[in-house]
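Residue numbers (the working numbering), protein chains in the order written: chain A, 1 to 305; chain B, 1 to 305; chain C, 1 to 305; chain D, 1 to 305.
Read the hints as simulated data drawn from the structure, not as lab findings. Computed from a predicted model, the values in this text were never measured in an experiment. Even for Gly, the Cβ is constructed at its ideal location relative to N, Cα and C. Hints may be right or wrong, so weigh each one.
[Claimed, not checked] List of simulated lysine-lysine pairs, PhoX-like, C-alpha gap at most 20 Å: (1) K303(C) / K270(B); (2) K244(C) / K292(B); (3) K244(B) / K303(C); (4) K244(B) / K292(C); (5) K244(A) / K279(A); (6) K45(D) / K62(D); (7) K244(C) / K297(A); (8) K44(C) / K303(B); (9) K270(D) / K303(A); (10) K244(C) / K279(C); (11) K303(C) / K156(C); (12) K244(D) / K292(A); (13) K292(D) / K244(A); (14) K297(B) / K297(D); (15) K132(B) / K292(B); (16) K303(A) / K275(D); (17) K270(C) / K303(B); (18) K303(D) / K270(A); (19) K303(D) / K244(A); (20) K292(D) / K152(D).
[To be verified] On the chain C side, residues computed to face chain B include the following (Cβ under 7 Å): (21) Y146; (22) P232; (23) I233; (24) D236; (25) A237; (26) Y288; (27) G299.
[Claimed, not checked] Coverage of chain D stretches by chain A, computed from C-beta distances (three or more under 8 Å per stretch; other residues unrestricted): (28) 53–65; (29) 131–141; (30) 176–183; (31) 230–243.
Number of protein chains: 4
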Amino acid sequence: MVILPKNSCRTCTLTNYQTVGLIGKPEHAGANATLSSLLVYLHKKGCRVLVEETIAKQFQDKDMTPCTLEEIGQQADLAIVVGGDGKMLGAARVLAEFDIDVVGVNRGNLGFLTDLDPEDYETQLDGIFEGKSQLEERFILEVEVYQGGELKSSNKAVNEVVLHHSKVAHMMEFEVYIDDIFAFSQRSDGLIVATPTGSTAYSLSGGGAILTPNLDAVTLVPMFPHTLSARPIVVDASSVITMKISPENADSFQVSCDSHVVLTVLAGDKITIRKNPGKLSLVHPEDYNYFKVLRSKLGWGSKLY
Amino acid sequence: MVILPKNSCRTCTLTNYQTVGLIGKPEHAGANATLSSLLVYLHKKGCRVLVEETIAKQFQDKDMTPCTLEEIGQQADLAIVVGGDGKMLGAARVLAEFDIDVVGVNRGNLGFLTDLDPEDYETQLDGIFEGKSQLEERFILEVEVYQGGELKSSNKAVNEVVLHHSKVAHMMEFEVYIDDIFAFSQRSDGLIVATPTGSTAYSLSGGGAILTPNLDAVTLVPMFPHTLSARPIVVDASSVITMKISPENADSFQVSCDSHVVLTVLAGDKITIRKNPGKLSLVHPEDYNYFKVLRSKLGWGSKLY
Amino acid sequence: MVILPKNSCRTCTLTNYQTVGLIGKPEHAGANATLSSLLVYLHKKGCRVLVEETIAKQFQDKDMTPCTLEEIGQQADLAIVVGGDGKMLGAARVLAEFDIDVVGVNRGNLGFLTDLDPEDYETQLDGIFEGKSQLEERFILEVEVYQGGELKSSNKAVNEVVLHHSKVAHMMEFEVYIDDIFAFSQRSDGLIVATPTGSTAYSLSGGGAILTPNLDAVTLVPMFPHTLSARPIVVDASSVITMKISPENADSFQVSCDSHVVLTVLAGDKITIRKNPGKLSLVHPEDYNYFKVLRSKLGWGSKLY
Amino acid sequence: MVILPKNSCRTCTLTNYQTVGLIGKPEHAGANATLSSLLVYLHKKGCRVLVEETIAKQFQDKDMTPCTLEEIGQQADLAIVVGGDGKMLGAARVLAEFDIDVVGVNRGNLGFLTDLDPEDYETQLDGIFEGKSQLEERFILEVEVYQGGELKSSNKAVNEVVLHHSKVAHMMEFEVYIDDIFAFSQRSDGLIVATPTGSTAYSLSGGGAILTPNLDAVTLVPMFPHTLSARPIVVDASSVITMKISPENADSFQVSCDSHVVLTVLAGDKITIRKNPGKLSLVHPEDYNYFKVLRSKLGWGSKLY
């Protein structure tokens with residue numbers, strides 16, 4: 001496969017998306033139907049279509065190019081993710097490195113990040129192709145695990161990085177530093193470090209506040225803290241958050257990214273979390289409204305009068 | 001070893017404890033020192049001393065009988081547990097089946113259940129031997145896991161039974177029935193079912209209320225619930241609590257008792273939790289005060305004037 | 001008006017309610033319609049109908065006897081309250097003193113206590129008249145305010161007694177005793193003491209646990225506590241709860257019962273809260289299900305499969 | 001009194017504070033002692049001393065100029081506030097309009113904002129006079145109440161603006177707009193809108209997250225919300241927050257600033273909250289550490305190893 005140069009005319013408002021990547025849940029009837037219909041839709045628009053390889057075999061007889069996620073990031077102007085927030089998070093961890101817009105069609109449960117209705121996406125996508133859209137950049141986190149000063153492993157997270165014991169309901173002991181200044185120690189099941197994007201996910205279940213997406217901040221939410229005075233704290237996203245695991249801890253621990261990628265952590269290890277230079281460029285329909293999503297997904301109060 | 005009949009004169013107020021069991025953390029310097037000194041103390045009192053077998057080897061040259069926990073339960077009038085709450089909970093899960101009083105000497109962190117000060121226990125123990133004490137019965141829970149109607153495993157808990165995903169930060173889906181009446185379904189990391197004794201432990205870290213020990217009630221505390229309207233609920237301890245795991249769940253789950261014993265649970269399984277007929281008979285020094293323990297352990301407010 | 005002896009045949013299952021009291025929101029169109037239709041319904045049943053005096057004038061031309069709430073309590077076998085939970089609470093504070101069953105028709109917002117549907121109450125009431133019903137006793141609280149040892153004022157509460165500053169968002173300082181044992185001191189905006197009935201009302205908004213109605217327990221929920229370690233605590237309903245207001249407090253305070261009755265409290269005053277000997281005898285339709293009410297009113301999770 | 005031009009050499013590191021304002025709790029023995037000693041200290045430094053008029057009479061025989069807070073703001077380079085956080089907040093609401101540094105000597109309870117120890121402030125103040133200090137700008141809020149489009153009243157807040165019912169434990173109904181976009185409606189006792197500075201005060205008692213002082217964000221914390229899904233939300237401090245009071249509310253309401261200033265609000269009124277152009281310029285000793293303050297004031301965890 002030849003790596004083509006990116007569409008150089010991204011700012012034109014009409015048909016600015018010439019190469020489009022399709023990403024989706026494999027072997028999911030609903031997602032398949034939407035992907036098939038999107039393939040027809042995109043060909044009508046005259047787009048070149050790249051299909052992520054794990055689902056490409058289902059469309060072998062169609063006019064499309066099977067690709068890795070990275071290749072989609074390099075070559076496409078727009079990625080359409082068909083699935084739930086989990087699928088979107090997985091794609092976003094990779095695509096955030098590239099200069100590509102991303103939009104989601106909801107084929108999952110909640111769909112905080114997947115705006116488009118699978119039964120009725122055409123009008124909204126038409127608008128997006130005509131530049132009638134809202135582009136929103138969401139920052140993502142990178143986490144590194146150090147052992148004795150050596151980098152052992154690293155990864156990225158769109159929603160949250162969670163440090164926790166490798167067993168449920170087991171306490172661990174660690175210290176937290178913000179920009180190398182000691183902030184607090186904690187005995188707890190772990191700590192959630194969430195972006196604004198992740199503030200409506202696991203962090204919210206754990207009692208964290210919602211952070212609107214335009215905030216350059218992360219929230220630290222203790223999990224089952226033993227100290228009753230422990231509280232969530234919101235810090236500047238430009239801060240480097242360091243967690244030092246007590247060498248006294250006999251057990252093994254984990255860092256998980258978006259409840260998906262898992263890194264192993266041992267007593268005495270040091271974990272740093274900071275903003276990744278990449279950005280997830282979410283493209284929303286023109287009438288997108290963050291608070292409306294909160295209301296419909298979280299059951300917040302509707303207008304009174 | 002001959003199983004002796006129990007002291008038949010338990011209600012006499014003087015030296016009613018003739019056979020005393022010693023239980024403790026093995027290979028813990030502080031606990032060892034206390035156990036050695038207790039052995040001397042109990043011999044002075046004229047008591048027959050049974051020592052739990054895992055620590056008995058440290059006292060091989062002394063006048064004592066190595067025993068299992070069950071044998072201590074059968075033969076002794078009083079068990080003295082030297083350690084933290086973890087040690088006490090482990091002993092209590094076994095001893096609750098027997099007619100035996102239990103007192104703790106604190107060699108751990110918090111010591112909610114271990115009243116006596118290791119540096120100064122003699123006066124308090126003297127009082128307890130003279131009947132100057134408070135006897136408090138704490139109920140315990142039993143949990144059973146059923147697969148297709150067949151009992152698969154069971155265990156007991158003094159603090160709490162926790163149903164959770166076998167991986168941290170992973171959601172599960174289940175239904176809760178109270179006395180066979182459907183109460184609620186939940187998507188969450190799991191559910192804590194705590195006794196009043198356990199209400200100051202994991203349940204409290206998860207946002208549950210404190211239940212005073214004399215209440216005949218258990219509290220159900222959701223862990224990281226996805227539904228924001230989920231709240232802790234307190235129900236009658238005579239109720240049978242049933243949790244049905246959705247057969248849709250693809251993963252494996254666990255039931256843990258006092259963060260110690262772990263039972264495996266699979267999709268479609270049914271878990272029942274009810275009061276065990278046994279009782280933990282905690283004997284406290286005469287001046288024991290539950291609220292004082294809460295204040296000193298949890299940092300509640302002291303008297304103002 | 002002559003005070004008639006109560007129907008002496010309350011235990012017969014057919015037409016056991018011979019005298020029925022009607023209580024409702026005055027000048028509320030919806031409540032009026034329901035009350036008018038109830039009057040017709042009850043006459044058809046052959047019942048003698050007492051109407052609470054504040055709404056009686058609307059039915060002057062009808063065959064009914066205007067009464068005080070107390071007279072309804074003395075003479076009627078059943079009281080039907082048409083309105084929201086506020087109306088029910090007001091009636092219940094009085095009726096709990098008497099041997100009378102109480103049922104509610106919901107003409108308010110939430111309707112935790114008012115089971116019957118105003119559009120379709122006849123079948124359910126027919127069942128209740130035929131004894132096809134569930135009778136549930138709910139205990140109520142009494143609160144007394146003492147100044148220098150002298151009783152200054154007192155009242156009753158079905159949901160909760162709240163001690164608070166007379167100004168919103170102002171801190172006060174007090175001590176709490178349970179059965180004359182000092183439990184904790186607190187700097188906060190106040191303290192909620194709620195019954196199981198009230199545990200789904202103000203107490204729940206303040207982070208308290210839900211207590212099922214059959215529990216003989218009350219929950220103490222701090223309001224905006226300054227100490228971060230303050231937590232809700234559930235105690236035996238047979239306990240006497242005493243709150244001593246610091247004589248250092250310069251301001252004035254209030255005790256409110258069900259957010260309705262307000263008693264004045266000054267620095268140095270002592271407040272006691274205990275179970276009232278009266279009981280609210282709620283009669284529910286045969287198919288009443290407490291958890292179903294929780295699910296429909298609080299948005300708890302429905303059955304999964 | 002002549003209004004002198006400000007010291008034009010504020011950036012010089014030595015003796016840059018030539019005119020110093022003293023502000024304090026009147027008739028408070030501890031504060032008086034500190035103020036007297038500060039007067040001597042400042043004269044030794046060669047400073048011109050302005051004393052806030054409510055405390056000036058206590059120092060009539062001394063070499064100082066009685067002034068209003070505004071005059072101190074206009075003329076002084078540094079204001080020293082002796083008292084608790086309440087005194088500091090009151091001074092800050094006025095001084096934030098002016099180009100003046102502010103430091104506090106703690107003569108109150110918590111002292112989040114008053115860094116200096118009254119028993120040992122000299123070394124720290126010496127450092128501050130030598131420019132060995134940290135200067136931190138804290139933004140403040142302004143609130144406006146509109147009736148039928150007309151501005152009715154307005155004020156400023158350093159910690160928080162609270163909208164609430166004029167009676168404790170009474171619900172109100174309102175809508176919240178962020179930058180004129182409808183965000184959510186709420187039935188609750190009210191809403192706290194707190195700055196990072198206020199995030200460790202009332203907002204924290206109400207379950208809000210801590211916001212580090214460098215964040216340009218405000219947190220909205222519901223008070224006793226009736227909807228169980230209501231959660232604290234953190235929004236950009238550049239947003240305009242508008243609250244519309246339901247015209248259906250029959251009662252009267254209040255907006256309070258820092259629990260001190262109270263504005264009346266009626267049904268149908270509109271309230272806007274935005275960042276004030278003024279800034280509170282807090283000067284801290286060189287070794288000031290925000291997290292250390294959190295740990296010592298809130299009981300957060302200390303270093304482990």
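- Proposed proximity, K152(D) with K292(D) (alpha carbon, max 20 Å): Given that 20 Å is the threshold and the Cα spacing comes to 42 Å, the pair is violated.
- So, Y288(C) near chain B? Judge it on the closest CB pair being under 7 Å. Status violated, d = 11 Å.
- Message: Cut-off 8 Å, C-beta pairs, minimum 3 residues; does the coverage of the stretch 131–141 of chain D by chain A stand?
- Response: violated (count 0)
- Query: Hey, K270(C) versus K303(B), does the alpha-carbon distance stay inside 20 Å?
  - Reply: holds, 15 Å
- Using Cβ atoms only, decide whether A237(C) comes closer than 7 Å to chain B, and label the hint accordingly. violated, 10 Å
- Going straight from one Cα to the other, do K244(C) and K297(A) come out at no more than 20 Å? violated, 45 Å
- For the pair we were handed, K303(A) and K275(D), check the Cα-Cα distance against 20 Å. The hint is violated at about 26 Å.
- Message: Just to be careful, I want the Cα atoms of K244(A) and K279(A) compared with a cutoff of 20 Å; is the pair within it?
- Response: violated, 27 Å
- Message: Just to be careful: measuring from the Cβ of D236(C) to every Cβ in chain B, is the smallest value less than 7 Å?
- Response: holds, 6 Å
- Query: Given the hinted pair K303(D) and K244(A), is their alpha-carbon gap at most 20 Å?
  - Reply: holds, 11 Å
- Item | Residues of the stretch 230–243 of chain D with Cβ under 8 Å from chain A, three needed, outcome | Contact hint for the stretch 230–243 of chain D vs chain A: holds, 7 residues under 8 Å.
- Would the pair K44(C) and K303(B) pass a check requiring their Cα atoms to be no farther apart than 20 Å? Since the Cα atoms of K44(C) and K303(B) sit roughly 63 Å apart, the hinted pair is violated (cutoff 20 Å).
Checked against the numbered hints given earlier, this structure breaks hints 5, 7, 8, 10, 11, 16, 20, 21, 25, 26, 28, 29; the rest are met.
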